[in-house]
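Whenever a hint applies, use it, and build me the whole structure from the sequences.
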Amino acid sequence: MVSNRCIDGNHKLIQPYKIVIHGGLDGFSRMIVFLQASTNNRALTVLQYFQSAVEHYNLPSRVHSDLGMENIEVARFMLQERVYITINQFIGQWNNPPVSTQCNF
1 MVSNRCIDGN HKLIQPYKIV IHGGLDGFSR MIVFLQASTN NRALTVLQYF
51 QSAVEHYNLP SRVHSDLGME NIEVARFMLQ ERVYITINQF IGQWNNPPVS
101 TQCNF
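Residue numbers (the UniProt record's numbering): 1 to 105.
Treat the hints as calculated values from the structure; they're not laboratory data.
Note that the structure is a prediction, hence the values are computed from the model and not measured.
A hint or two may mislead.
As the list claims (entries may be wrong) - Now the in silico label distances, taken between C-beta atoms and shown as ranges:
{"hint": "1", "residue 1": "Gln15", "residue 2": "Gln89", "range": "46 to 52 Å"}
{"hint": "2", "residue 1": "Met31", "residue 2": "Thr86", "range": "16 to 22 Å"}
{"hint": "3", "residue 1": "Phe90", "residue 2": "His11", "range": "39 to 45 Å"}
{"hint": "4", "residue 1": "Gln89", "residue 2": "His11", "range": "38 to 44 Å"}
{"hint": "5", "residue 1": "Arg42", "residue 2": "Asn88", "range": "42 to 48 Å"}
Beta carbons: idealized from backbone N, C-alpha and C, even for Gly.
If you want it as structure tokens, here you go:
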């Protein structure tokens, strides 16, 4: 099943209260997969929230977000995971070639 996540942050409370709200939704069911408040807008904070959602709801196939720099670590994480999965599939297929005998070429 193809799943996608939509992640974003709300920065309206950062000036008066120093609070940033980060949230992530499942793009199909609109279920909230994470909703956290923090005192910073760092990329590693968003990555921690995203990784906790991945542990609970599995890795999505796509992530939609705005172009803010707080989501750059999530993009790097998704790229690394996808490359790792693809390389492991390639290695598994490479190490198991079809066996041919004398009779069937």
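Structure-based check of all given hints:
1. Gln15 - Gln89: 46 to 52 Å: holds (47 Å)
2. Met31 - Thr86: 16 to 22 Å: violated (27 Å)
3. Phe90 - His11: 39 to 45 Å: For His11 against Phe90, whose Cβ atoms are near 41 Å apart, the range 39 to 45 Å holds.
4. Gln89 - His11: 38 to 44 Å: holds (39 Å)
5. Arg42 - Asn88: 42 to 48 Å: violated (31 Å)
Violated hints for the displayed structure, listed by number in ascending order: 2 and 5.
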